[in-house]
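S.K.: Chain residues, written in single-letter form:
Number of protein chains: 4
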Amino acid sequence: MTRKRVAVAGASGYAGGEVLRHLLAHPEVEIGALTGASNAGELLGTLQPHLVPLADRVLDPTDLETLSGHDVVFLALPHGQSGEIARQLQAEDPSVVVIDCGADFRLQDPSAWEKFYGGEHAGTWPYGLPELPGQRAQLAGATRIAVPGCYPTVSTLTLAPAIANGLVEPDVVVVAASGTSGAGKAAKPHLLGSEIMGNASAYGVGGTHRHTPEITQNLSGLLGEDGGTVAVSFTPLLVPMPRGILATCSAPLKAPLTAQEAYDAYAKFYADEQFVHVLPQGQWPQTKSVTGSNAVHVQVTVDEAAGRLVAVGAVDNLAKGTAGAAIQCMNLALGLDEGLGLTSVGVAP
Amino acid sequence: MTRKRVAVAGASGYAGGEVLRHLLAHPEVEIGALTGASNAGELLGTLQPHLVPLADRVLDPTDLETLSGHDVVFLALPHGQSGEIARQLQAEDPSVVVIDCGADFRLQDPSAWEKFYGGEHAGTWPYGLPELPGQRAQLAGATRIAVPGCYPTVSTLTLAPAIANGLVEPDVVVVAASGTSGAGKAAKPHLLGSEIMGNASAYGVGGTHRHTPEITQNLSGLLGEDGGTVAVSFTPLLVPMPRGILATCSAPLKAPLTAQEAYDAYAKFYADEQFVHVLPQGQWPQTKSVTGSNAVHVQVTVDEAAGRLVAVGAVDNLAKGTAGAAIQCMNLALGLDEGLGLTSVGVAP
Amino acid sequence: MTRKRVAVAGASGYAGGEVLRHLLAHPEVEIGALTGASNAGELLGTLQPHLVPLADRVLDPTDLETLSGHDVVFLALPHGQSGEIARQLQAEDPSVVVIDCGADFRLQDPSAWEKFYGGEHAGTWPYGLPELPGQRAQLAGATRIAVPGCYPTVSTLTLAPAIANGLVEPDVVVVAASGTSGAGKAAKPHLLGSEIMGNASAYGVGGTHRHTPEITQNLSGLLGEDGGTVAVSFTPLLVPMPRGILATCSAPLKAPLTAQEAYDAYAKFYADEQFVHVLPQGQWPQTKSVTGSNAVHVQVTVDEAAGRLVAVGAVDNLAKGTAGAAIQCMNLALGLDEGLGLTSVGVAP
Amino acid sequence: MTRKRVAVAGASGYAGGEVLRHLLAHPEVEIGALTGASNAGELLGTLQPHLVPLADRVLDPTDLETLSGHDVVFLALPHGQSGEIARQLQAEDPSVVVIDCGADFRLQDPSAWEKFYGGEHAGTWPYGLPELPGQRAQLAGATRIAVPGCYPTVSTLTLAPAIANGLVEPDVVVVAASGTSGAGKAAKPHLLGSEIMGNASAYGVGGTHRHTPEITQNLSGLLGEDGGTVAVSFTPLLVPMPRGILATCSAPLKAPLTAQEAYDAYAKFYADEQFVHVLPQGQWPQTKSVTGSNAVHVQVTVDEAAGRLVAVGAVDNLAKGTAGAAIQCMNLALGLDEGLGLTSVGVAP
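Protein chains in written order, with full-length UniProt numbering: chain A, 1 to 349; chain B, 1 to 349; chain C, 1 to 349; chain D, 1 to 349.
It should be emphasised that the hints constitute simulated quantities derived from the structure, not laboratory data. Everything numeric in this text was worked out from a predicted model, so none of it was measured. Treat the hints with care, since some could be wrong.
Copies of one chain are not kept apart here, so a pair can be met inside one copy or by any two copies together.
[Said to hold, decoys possible] Here are the simulated SDA-like cross-link-like pairs (lysine to any residue), alpha carbons at most 25 angstroms apart as the crow flies:
(1) K188 - R57
(2) K268 - T46
(3) K115 - L222
(4) K4 - E92
(5) K268 - Y203
(6) K115 - P256
(7) K254 - T229
(8) K115 - H79
(9) K268 - A55
Model the full structure from these sequences, guided by the hints.
M.R.: Next up, the structure:
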């Protein structure tokens, strides 16, 4: 089989770098054009010194000329910049697979886009979370895929069995502790190492974080048509680690439920998924176990006194939370083995 | 005025060391006996190298002979060990002020003690959280004080204005990200630096953490007699920092409420408190701002879409969360200025 | 005694914030004007949320009008900006004590300044390291003081007894691992938390770091006139912690020397210093023991096989490494007790 | 080709876990027995939760019965325990490849072993650092291999071109900042996260660390027979990161040398090595770039004022510093491609 020729737009950022790290381990691709914006013309070896085999590559500008002629194009661009270049690429060659790591095509509701991101809604593409019921079929052979946000990935997968099985009221609380790479590589004072180390903080409190409507969309989708909307209280925390999200999710029980019943429902829901790992009962997720991997670790229990189901999930925001999902979706789009080039093994300690 | 002579039992641990750090900055005390268990006979300079002025002190055994003859005795012992020595001390001298940094005397309900700690309940002492309504009066002149747990301190103070003012349903969700010093100095593999750095994890999930009944007791107390019990869903997280707790707390609104109304209620509730600092509106707490200090930083908002009030609080688990509170209580017990030897200024960055 | 009125220019940065943290604990000062550059007009509570008692202060512009009328002015400005404002302040009032936390007035050799900093040399002020032989007298009553750099402080104090006593050849190797706050609060991509955590790196390798000539000047000064110049190989490392420097220093032995003899020389050299703590023999310094404090911890041994004396020192780069030294110098300049408002007790763990 | 059947003794520790992580990515092996000591009988999924594909494996005891019948046996045991089991394994089947990740067979000089490790010297096996001149040939087809220590790996590779080319005097200073996983998984108070975070410390100062004679042996070997012994002043530092070593190495120049000449010598020395990456001139190594990978990053310059060559190297202590090297040696021993199952791509940020 001929290797697929793949381009990455936005190769100097964290998402782009992680897509490249994954592609370097993928046996069926050849890495083509790498592009940057202000970094065009610079050596990748300086910008991403961990990607040794690509050290001599020079970044090209992000434009149609550079990106055309590939089988797959990954877009790892700031939100709002994917729409135009995607349009151009597919106008030139409708068969090119465009995989957007940004938020532009994730939301179905234009008003939610406008409220949380501003500007005009670019459209809605197949949503790259194959572990959602029915979603894998949408991605097979797709030429446009919207990679989910990192918080929505772990929040959705941690709550999906409870929501889909009707174990809880559609009224969830998610508090997700995240590493800093989710905030990107743009230098801002509050993201300096001096500020981050030894520090935990909350941000986007009160439902104002942009991933809130995406979590709502995913969970509400599990209720089925006419199932109504899941109320989502989402609070992201920044904690002192470079990667990883730990999502603590809970919701009121609909009816009495034992911890064992909850566990069994989770185990069954994910029985056929290679990347979602329901831990042995009593063992709780930690982010380090999934560092660098495409795995999601999940555990669940019931708090009888509080009348709530409590589930915790861990993901690497850059891997399964972004780049790993992008590769998984590429595999599905191209008809390759879904796990090709991916691993469920984390780098620990 | 003669300086008060103060002893610290358990001087080799994190709580004991932090009590000593505070005492070294207190103008009205003289540091007397320092005791240890397995560390008796060792130099404090080896065990707590940051306490330079006490470097030449040798730890004595924790017994009546060593601890008698002081005006104040701080107990920083493992849970369950405070009862007997406290009894002996006060039998010998009823006027000695005994301040227990452990859990032994915090809970009012013996069955809660037995369920969460095991063994026999030692009793209930005045609870050392002066910021709770009416509590300061209980502590003035007291000779026995139970220092609150670290999670209960920040959870209670972060939710108190909402509960006391009836802004929310008595059904709260608390997810609290903690540094590792709360787990103490006993060496356990999961607390190794290699395991902790780059890692976030949940533990005590489903209401099984020992601080759960203490949070419940505090919040329910705010409902008044016959006010019933507040349902508490509490999940502690371990995140990679040595100190600090960030508590994200939420509850369903009882009636429509604006963020401004919530903020005003919080600002008013703490208007006279020197150590609880409601941040300027829109600014969210971070643990580093309170490192080493007796301050608690709090902020609140309303999530209209989710129908919840969301409040976040930050505390240093060893300072206001343990040793600072102990000093504050000592000041109240001795009739000194409540803030003597304490600071609201954190060590940052 | 009337409290001295003190201003801080550059109050929004790390050095300025740390000077303020120290001033808030000082019993003989009153905090006057606080200034910023691009931050003028902003609330200190937003910029330095840990300085609660100053939360309502607004930053003024850094100019003569704002800074005049104080007894003491601390300059915590970018290198090269102290000269002009210092000149204006002392032209207006020759008795004002100006303490420069920057590098402008540290070097005696104009050509060293030009080589390492560029631009014109502003001059040489009394050097604020009272622990150097003869230096304390220079600082008593001084109206202009140059606060030493953080690396030079710890490197000099760690090697001084060996150099001054002629135990080693004048040919030293210093490798100093530093926390990130030394790099300041200006946002640069390589200082992001995502880059810093889990990472150690070298910079300024090969003698190119700006603190190299200052270390050379200090150590050579210990050789006395005509003593020649100490050759200094200095390599700074960036390691994942917000504060602290650990300097590993070594030099060839001049003549056979036992570890005990080396230790005794160090103990004797610092016998009368309250802030330099030679640890018990066999116990090695760690930065956390001095966090937030004005202490320097030092230890020394002899490596017979390698024929070298090896000494290690720890300092908090922002405290004794900058702001603590500045306060210590102010005390000397004003004739106050040298340790007033300072502590030798670190915040640990 | 039939996959090689591989066993790992000591699978619950950090070295054993990392060997397994590497084996899971290796296309030509099948993972056989996994053994532990006190952990025998426990699930690997509990002990090493990041190794998801092996989660259901139970640890067997470390004995001949369990370990026999494999093509390759990796020993990741405490120092001093490899000798006996290795002897038994090769007595039973002389063709089994035994790869010792411990120190037992690294040193050539029995007296050095006795001085630094105590007890009887077990012997000397081919030393698994193929990048040393002539060493690759020793490893091809070997059935016994001693994996180098982590500090010696990076120190040797960082200095080898300078020593082998006679650029410097045989008198080197190495200061190496290490992450904590090198200290293993046994719980000790000074390795607790609470102690490690925000802290840098020195240990084994004065040439007392056990890796000192191994570094000396390697560097002296580069001088050739009759070349004498390289004097090594080695100081290890513990810094707050889980993985990685950054070694700062210097030595006096033998004769005038430009930075360019030094760089060229390094580039030439490693021109054919796939895992030693001399960075572009002016770019200095950082540990994060090599996290999880088998790469070593190196840079060199000349400090003219100090008369020294200064080189810096970065390695992942668990990967190329232990487990990656073990796999690389296995490949050589079995006649496989040397880089099979290994990567030069780090996990960053």
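S.K.: Now look at each hint and say whether the structure bears it out.
M.R.: Now the hints, each set against the structure:
1. Taking CA atoms no more than 25 angstroms apart as the test, K188 paired with R57 passes between copies only; the shortest distance there is 24 angstroms, against 27 angstroms inside one copy.
2. Taking the closest pair of Cα atoms, K268 and T46 come within 25 angstroms of each other only across two copies (21 angstroms); inside a single copy the shortest separation is 46 angstroms, beyond that limit.
3. Only within a single protomer do K115 and L222 lie at most 25 angstroms apart by alpha-carbon distance; the minimum there is 23 angstroms, versus 38 angstroms between protomers.
4. In this assembly of identical chains, the alpha carbons of K4 and E92 lie at most 25 angstroms apart only when taken from the same copy (18 angstroms versus 49 angstroms across copies).
5. Taking the shortest alpha-carbon separations for K268 and Y203, only the inter-copy value of 24 angstroms comes in at or below 25 angstroms, while the best intra-copy value is 35 angstroms.
6. When the C-alpha separation of K115 and P256 is checked against a cutoff of 25 angstroms, the pair qualifies only between copies, where the shortest distance is 22 angstroms, while the shortest distance within a copy is 38 angstroms.
7. For a Cα distance limit of 25 angstroms, the shortest separation of K254 from T229 qualifies both inside one copy, at 16 angstroms, and across copies, at 21 angstroms.
8. In this homomeric assembly, K115 and H79 come within 25 angstroms of each other (Cα to Cα) only inside a single copy, at 14 angstroms, whereas the closest approach across copies is 45 angstroms.
9. In the homo-oligomer, the alpha carbons of K268 and A55 lie at most 25 angstroms apart only across protomers (18 angstroms), although the nearest pairing inside one protomer, at 45 angstroms, exceeds that limit.
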